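S.K.: Letter by letter, the chains look like this.
Number of protein chains: 2
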Amino acid sequence: MELWYTEQQTPNLGLSCKINRTLHVEKTEYQDLAVIDTIQYGRMLVLDGMVMTTEVDEFVYHEMITHVALNTHPRPERVLVVGGGDGGAIREIIKHTSVKEAVLGEIDRRVVEVSQEYLPSIAGALTDARVTLAIGDGVEHVRQSKGKYDVILVDSTEPIGPAVGLFSREFYQDVYEALTPDGIMVAQSESPFVNQDVIRMIHTNLQGVFPIKHLYLASIPTYPSGLWSFTLASKKWDPLQADPATFQAMETKYYTPDVHFGAFKLPKFAADLVK
Amino acid sequence: MELWYTEQQTPNLGLSCKINRTLHVEKTEYQDLAVIDTIQYGRMLVLDGMVMTTEVDEFVYHEMITHVALNTHPRPERVLVVGGGDGGAIREIIKHTSVKEAVLGEIDRRVVEVSQEYLPSIAGALTDARVTLAIGDGVEHVRQSKGKYDVILVDSTEPIGPAVGLFSREFYQDVYEALTPDGIMVAQSESPFVNQDVIRMIHTNLQGVFPIKHLYLASIPTYPSGLWSFTLASKKWDPLQADPATFQAMETKYYTPDVHFGAFKLPKFAADLVK
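As given, the protein sequences belong to chains F and A, one line each in that order. Using this note's numbering, the final residue of the first sequence is 867, and nothing's skipped along the way. Using this note's numbering, the final residue of the second sequence is 867, and nothing's skipped along the way.
To be clear, the hints were calculated from the coordinates, so they are not data collected in a lab. None of these values were measured; they are calculated from a predicted model. Certain hints may be false.
[As the list claims (entries may be wrong)] Listed next, the in silico DMTMM-like pairs over lysine to aspartate or glutamate satisfying Cα-Cα at most 20 Å (straight line):
1. F/K867 <-> A/E843
2. F/K610 <-> A/E599
3. F/K805 <-> F/D830
4. A/K867 <-> F/E843
5. A/K860 <-> F/D729
6. A/K845 <-> F/D830
7. F/K860 <-> A/D850
8. A/K805 <-> F/D850
9. F/K619 <-> F/D729
10. F/K860 <-> A/E647
11. F/K860 <-> A/E843
12. A/K857 <-> F/E843
[As the list claims (entries may be wrong)] Every beta carbon over 10 Å from chain F, so not counted as near; a handful from chain A, in silico:
13. K610
14. E732
15. S760
Glycine included, every Cβ here is placed at the ideal spot set by N, Cα and C.
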């Protein structure tokens, strides 16, 4: 018997993976949560029917949401991840030796616990001494943090369900205030092929909040279209002016100093979205 | 009733598109050929069950297999496409005003004819006065052309079926000899996520044939993993040393001078494949 899992990525598009078996399924307080063991992409975390991360391609998302900002800031010490309960972004953050505290602001405790149980290669760093778990509403956590963080990463699901507040102008204003005077935000901002309205909305909502704002891209096979975007917003430091000589030495599989700058070389149709 | 077309991209991975209807199906002398009208990606050309091109994302592949080489060569006049019967590469080639002759060396006449009938936005340029149709074996055409072409583009299916000969060392040697003394070849070279063996094979087979050799990438949603590679091999001109001031002015949707250089900034795992 062949078992396949299909994510209906849009009403008209599906990605299907042959699976060995389903490892875990539950309905948490916030969402449907599943871990599936796929043959092509290894174990896969699925929230509300959407692929969040897989063992095989998670490195792209987690390296790219993290290192661009952390290498742009000259000395990031306090970093917040909003969402990202799988712990992959935290694993990358603590590769930076300047970091003294990495806080995970995840609303759904079960995402953290299930990731720790079934995805240890991703969630393993959550027990590091520099990591703080702040289980609760990320929007509220940001609102109560004034001038605290050097970098805030918005590692959210798409703008429906629990994450909808993470794409608003009010939230970006709160993020601005939660950052230090030279702080940087990065938010995952969906696919330039499939979610053009989301990218436009994010950039519209950021207008006037941060003086520096860039879209950058990375290739993530299990996300719709395989091309994903991130939006970096900064008070002072521009990632395009960063000095590679100051970049943290570390093991990576996707991010390199070349990729740091190359990711901002947008295809024309993507550049046009944020003009 | 909902109709879906699924390409089984690997034994363990499928991409599914909801379709309006099937426009054309036939078994040609060489392969199974179909044109399907999908909702997400428009009309789709399918050969032997593999998506070759779609109306919505074809611009990426056709711009990227073409303009990198044609802008690297200072004055490309004669250009050959091996395969590429849909005509998309030809459409991009003739945007370059220096080009006097663009030859399409496609083995399967029916791919050309069906593309002209059902995909006019892609195949429309095939009737241009500068275009020559050379229906027949591309390997043989290359072998019989000595020192003729400034640029040769290998726009093939994957290395099984009719295209298997287009990935061999002997073929690359023939391409070298079919090029002018400062000629350039570009070959589509599959996905760095899914077809790592093919990329390694191509680069191994090119070793010692051309002095300059680079892998570059573009994002194509309907190809396996969404990330696709091209291999450029050159006798004299290096795409990384090209002068953007000399680039052809033209309408594009993906390629820009920034993308020209950014496409060579490889993620570490991809760079490692061709080390």
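S.K.: Would you mind confirming whether the straight-line C-alpha gap from A/K857 to F/E843 stays at or under 20 Å?
M.R.: holds, 17 Å
S.K.: Check the hint pairing A/K845 with F/D830 against an upper bound of 20 Å on the C-alpha distance.
M.R.: Given that 20 Å is the threshold and the Cα spacing comes to 26 Å, the pair is violated.
S.K.: Verify the proposed pairing of F/K860 with A/E647, using a straight-line Cα cut of 20 Å.
M.R.: Holds - the C-alpha atoms of A/E647 and F/K860 are around 17 Å apart, at most 20 Å.
S.K.: Examine each Cβ of chain F, and state whether all of them lie more than 10 Å from the Cβ of A/E732.
M.R.: holds, 36 Å
S.K.: Does A/K867 pair with F/E843 here, judged by a C-alpha cut-off of 20 Å?
M.R.: holds, 17 Å
S.K.: Are the Cα atoms of A/K860 and F/D729 separated by 20 Å or less?
M.R.: violated, 35 Å
S.K.: Quickly compare the C-alpha distance for F/K610 and A/E599 to 20 Å and report which way the hint goes.
M.R.: With Cα atoms ~13 Å apart, F/K610 and A/E599 stay inside 20 Å; holds.
S.K.: For F/K619 and F/D729, compute the direct alpha-carbon distance and say whether it is at most 20 Å.
M.R.: holds, 18 Å
S.K.: Quick one, are F/K860 and A/D850 close enough, alpha carbons at most 20 Å?
M.R.: holds, 9 Å
S.K.: Run the distance test for A/K805 versus F/D850: straight-line Cα separation, threshold 20 Å.
M.R.: Cα-Cα ~18 Å, so holds.
S.K.: For the pair supplied as a hint, F/K805 and F/D830, confirm whether the alpha-carbon distance does not exceed 20 Å.
M.R.: The hint holds at about 8 Å.
S.K.: Is A/K610 truly not at the interface, in the sense that its beta carbon sits beyond 10 Å from all beta carbons of chain F?
M.R.: Nearest chain F Cβ is 4 Å from A/K610, so the label is violated.
Hint compliance for this structure: hints 5, 6 and 13 are not met, and every other hint is.
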